Amino acid sequence: MTLEPRPVDKPRSRFVTAALWGAGFVALLWAIEILDSIMNQRLDDNGVRPWTFDGLWGIVFAPVLHDDWAHLISNTVPAFVLTCVIVASSGTKRWLEATAIIWVAAGIGTWLIGGLNTNHVGASSLIFGWVAFLVLRGIFARKLSEIAIGIVIAAVYGYLIWGVLPTGSGVSWQGHLCGAIGGVIAAVILGRRSAAERAAATPA
1 MTLEPRPVDK PRSRFVTAAL WGAGFVALLW AIEILDSIMN QRLDDNGVRP WTFDGLWGIV
61 FAPVLHDDWA HLISNTVPAF VLTCVIVASS GTKRWLEATA IIWVAAGIGT WLIGGLNTNH
121 VGASSLIFGW VAFLVLRGIF ARKLSEIAIG IVIAAVYGYL IWGVLPTGSG VSWQGHLCGA
181 IGGVIAAVIL GRRSAAERAA ATPA
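Using the UniProt record's numbering, you'd call the opening residue of the sequence shown number 1 and step up by one each time.
Hints are not guaranteed to be accurate.
Computed cross-link-like contacts, SDA-like style, restricted to lysine to any residue with a CA-CA straight-line distance of at most 20 angstroms [claimed, not checked]:
(1) K93 to F80
(2) K143 to R14
(3) K143 to G91
(4) K143 to W103
(5) K93 to P203
(6) K93 to A155
(7) K143 to F61
(8) K93 to K143
(9) K93 to R14
(10) K143 to I185
(11) K93 to V184
(12) K143 to R193
(13) K143 to V184
(14) K93 to P166
(15) K93 to G24
(16) K143 to F80
(17) K143 to R198
(18) K93 to F140
(19) K143 to A155
(20) K93 to V16
(21) K93 to R198
(22) K93 to I149
(23) K93 to I185
In short, the hints are calculated from the structure, not lab data. Small disclaimer: the values here were computed from a predicted structure and weren't measured.
Make the full structure from the sequences, and use the hints.
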């Protein structure tokens with residue numbers, strides 16, 4: 001019996017997959033904002049509201065909610081680009097894993113350190129997390145191509161570092177900070193796992 005060789009993913013198909021995931025996530029954000037507009041922004045009440053029991057639901061919902069269209073538009077391009085970069089360079093599974101870690105860390109962290117009587121929404125917590133993940137993952141994965149990508153991302157999005165510092169009202173610096181911390185955690189966990197997987201696959 002002759003075994004057929006397993007198909008190898010072509011770079012083009014990988015980039016198409018990345019673009020589809022990026023577009024799909026952005027489409028989800030826009031669909032939710034359309035629904036929110038129809039409901040007179042009532043969905044925004046489901047953001048992270050620190051130290052309130054109901055505010056815990058925001059851990060689940062906050063990253064896909066936005067205050068208004070301007071808020072969503074400002075997050076659209078970074079969300080698309082960063083999703084594409086992660087999926088194209090590491091695969092869909094790695095993007096899902098990193099996003100889950102960032103999502104939970106950002107939500108719990110914001111609930112713990114956010115100001116009382118505040119409501120935190122927006123995909124920017126994920127954006128800060130993805131940037132931190134991309135900048136650092138190559139170091140822990142010990143992979144030159146990922147380090148190179150990290151350098152490019154740092155050059156393009158390095159200005160975001162100021163977003164983790166306390167600023168004027170209306171900006172969830174706590175969400176940015178906790179999202180970035182989630183990105184660091186994801187880089188450590190997933191980067192080391194990637195290095196271990198490559199080491200295990202290397203013949204002795």
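Here is what the structure says about each hint:
1. K93 to F80: holds (17 angstroms)
2. K143 to R14: With Cα atoms ~19 angstroms apart, K143 and R14 stay inside 20 angstroms; holds.
3. K143 to G91: holds (15 angstroms)
4. K143 to W103: Given pair K143, W103 is violated - Cα atoms ~25 angstroms apart, limit 20 angstroms.
5. K93 to P203: Roughly 25 angstroms separates the two Cα atoms, so the pair is violated.
6. K93 to A155: Measuring from Cα to Cα gives roughly 26 angstroms; hence the hint is violated.
7. K143 to F61: Cα-Cα ~34 angstroms, so violated.
8. K93 to K143: Distance ~18 angstroms between K93 and K143 Cα, so the pair holds.
9. K93 to R14: holds (13 angstroms)
10. K143 to I185: holds (18 angstroms)
11. K93 to V184: Holds, at roughly 18 angstroms.
12. K143 to R193: holds (12 angstroms)
13. K143 to V184: Holds, because 16 angstroms separates the two Cα atoms, which is no more than 20 angstroms.
14. K93 to P166: Not satisfied, since the Cα-Cα distance of roughly 34 angstroms exceeds 20 angstroms.
15. K93 to G24: holds (15 angstroms)
16. K143 to F80: violated (24 angstroms)
17. K143 to R198: holds (10 angstroms)
18. K93 to F140: Holds. K93 to F140 sits at ~18 angstroms (cutoff 20 angstroms).
19. K143 to A155: Holds, because 19 angstroms separates the two Cα atoms, which is no more than 20 angstroms.
20. K93 to V16: holds (15 angstroms)
21. K93 to R198: At roughly 16 angstroms apart (the allowed maximum being 20 angstroms), R198 and K93 satisfy the hint.
22. K93 to I149: Answer holds: K93 to I149 is near 18 angstroms, not above 20 angstroms.
23. K93 to I185: Holds, because 17 angstroms separates the two Cα atoms, which is no more than 20 angstroms.
Hints 4, 5, 6, 7, 14 and 16 from the earlier list are contradicted by this structure; the remaining hints agree with it.
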